[in-house]
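Chain order of the listed sequences is E and C. According to the working numbering, the first sequence is numbered sequentially starting from 1. According to the working numbering, the second sequence is numbered sequentially starting from 186.
None of these hints come from the bench; they were simulated from the model. Some hints could be false.
Which bits of chain E does chain C cover? Going by a derived footprint, with three or more residues having C-beta under 8 Å, they are [claimed, not checked]:
1) 7-21
2) 30-38
3) 56-66
4) 97-111
5) 135-143
6) 157-170
Beta carbons: idealized from backbone N, C-alpha and C, even for Gly.
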Amino acid sequence: MDNSYFLKALLDNNSRVIKIIYKNNFNPVKRFILQNKGQEQDAEDIFQVALLQLAVRYKKEKFEINTNFNAYLFTVCKNLWRRELNKHKNKVTNYQIPELKDDKDMALALLEQEKWELFSKMLSKTSDNCKKILQLFFAKVKYSEMAKQLNYNSETVARQRVFKCKKSLTKLIQENKKYKSLTQS
Amino acid sequence: MNLNDNILIENFLRNKLSKEEITLFKERLNTDTNFKKYFEFEKELFKNLNNEEWDFTKKTNPKLVEEYTKLFQHEDVKELKETLKQETENFKKNNSSVISLKKIFLSISAVFILFFVVNKFILPNNSPKKLYVSYLKNTEIPSLTHRGNTNKNLSIAQNLFEQKKYKKALSILKNVDSKILVLLYIGISQMELDKFKEAENTFNSIINNKNLNTTKGLWFKALLYLKMNRVSDAKYVLQKINKTDYKYTEAQEILNKLGRLD
């Protein structure tokens with residue numbers, strides 16, 4: 001089924017299709033959240049916010065989903081939950097943590113999701129070697145371990161490769177139009 | 186930017202710098218704008234592409250933030266919000282009625298199974314009265330009469346005892362020499378007749394006799410307490426039976442079974 005079918009249905013407030021979306025997607029999302037320090041209520045909120053996010057994004061511009069709708073929705077939910085968990089991390093006590101369903105917070109989350117997609121896309125555009133080593137780097141693997149896995153002679157070689165690959169990824173991102181528009185002040 | 190600065194920033198982001206190094210780092214951020222720019226992007230990269238953190242960067246274009254915030258407040262989006270709330274409730278209802286039927290069925294089955302298991306396996310064998318009956322049944326009592334010493338009264342008493350005519354057996358045995366074995370028969374008869382206090386005294390006199398047969402007295406006294414449902418007293422007596430004594434194995438068995446009743 002065409003991915004835009006579901007996105008259109010969200011915008012049209014089509015409850016028949018929305019029921020189908022719930023039937024196919026809610027339980028895996030709930031399971032994920034419960035296994036990651038969340039409660040049932042969190043799962044319900046995250047799921048609703050994710051669908052709202054997709055609707056609003058589609059309203060602003062008819063964007064395309066490259067994988068299938070269900071996988072994409074799941075990723076959006078995972079990211080929203082990760083974002084939620086991080087909200088409560090390094091905050092100063094008198095900082096007001098924005099409510100998940102607050103309109104401005106949802107707008108910020110939407111833009112952060114777009115940026116995340118851009119970063120992931122640019123990473124996939126680097127060379128195979130760079131992709132491999134950067135994935136290890138972002139997974140916080142030790143340099144010594146990286147060198148072992150990729151058969152480099154030493155840690156130093158691994159460091160230099162990471163440095164070089166990060167540079168090319170940085171260039172790809174910073175020259176990207178979308179990035180520029182997302183971060184322009 | 187050079188490799189060394191890159192390593193420094195990486196270590197900062199991974200919390201590997203010492204307190205002093207962190208202070209120096211923060212000072213440099215305040216004075217060196219290029220370094221700060223570089224750092225900000227490295228942080229963005231790091232937080233976006235690792236699987237644990239999230240990039241809440243303040244660099245987001247404020248115009249876009251405003252535009253999207255307004256979109257979320259649009260009429261049709263608000264309607265969608267309501268629909269989603271409704272659909273969440275519907276989904277929960279439809280799913281939970283199925284779940285609770287299942288739960289109910291499972292809990293009822295569990296109760297039945299538990300009931301069955303307890304009645305079949307646990308209770309029957311381990312009620313003190315039932316233990317009394319089964320272990321008494323399996324206790325061999327030496328005959329009162331033996332070769333070379335056929336006391337008429339003893340053999341009559343023996344017969345009556347075996348026929349469970351305990352009252353009559355007692356009336357004869359009371360007039361016989363109270364050797365240990367005779368006392369045993371007396372005690373058992375009293376026990377079977379529910380003459381508990383008398384049985385207790387009889388068994389005590391066996392125990393206090395300081396004769397080889399005294400451990401037999403312990404065993405029967407324990408059986409008596411089982412019949413009387415005095416479980417802790419029974420346990421106390423059973424624990425006195427030593428490894429080489431009469432009925433040690435059986436005593437341990439009973440203790441294990443009684444243990445489960447607590």
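Taking the hints in turn, this is what the structure says about them:
1. Under a criterion of three residues with beta carbons nearer than 8 Å to beta carbons of chain C, the stated coverage of the segment 7-21 of chain E is upheld, 6 such residues being counted.
2. Remark: the segment 30-38 of chain E is not confirmed as covered by chain C, as 0 of its residues place a Cβ nearer than 8 Å to a Cβ of that chain, below the required three.
3. Look at the segment 56-66 of chain E against chain C: 3 of its residues bring a Cβ nearer than 8 Å to a Cβ of that chain, three or more, so the hint holds.
4. Given a C-beta distance limit of less than 8 Å, the hint that chain C covers the segment 97-111 of chain E holds, as 7 residues qualify and 3 suffice.
5. Only when three residues or more bring their CB closer than 8 Å to a CB of chain C does the claim for the segment 135-143 of chain E stand; here the count is 3, and the claim holds.
6. For the segment 157-170 of chain E, the stated coverage by chain C holds: 6 residues have a C-beta nearer than 8 Å to a C-beta of that chain, and at least 3 were required.
Consistency with the previously given hints fails for number 2 only.
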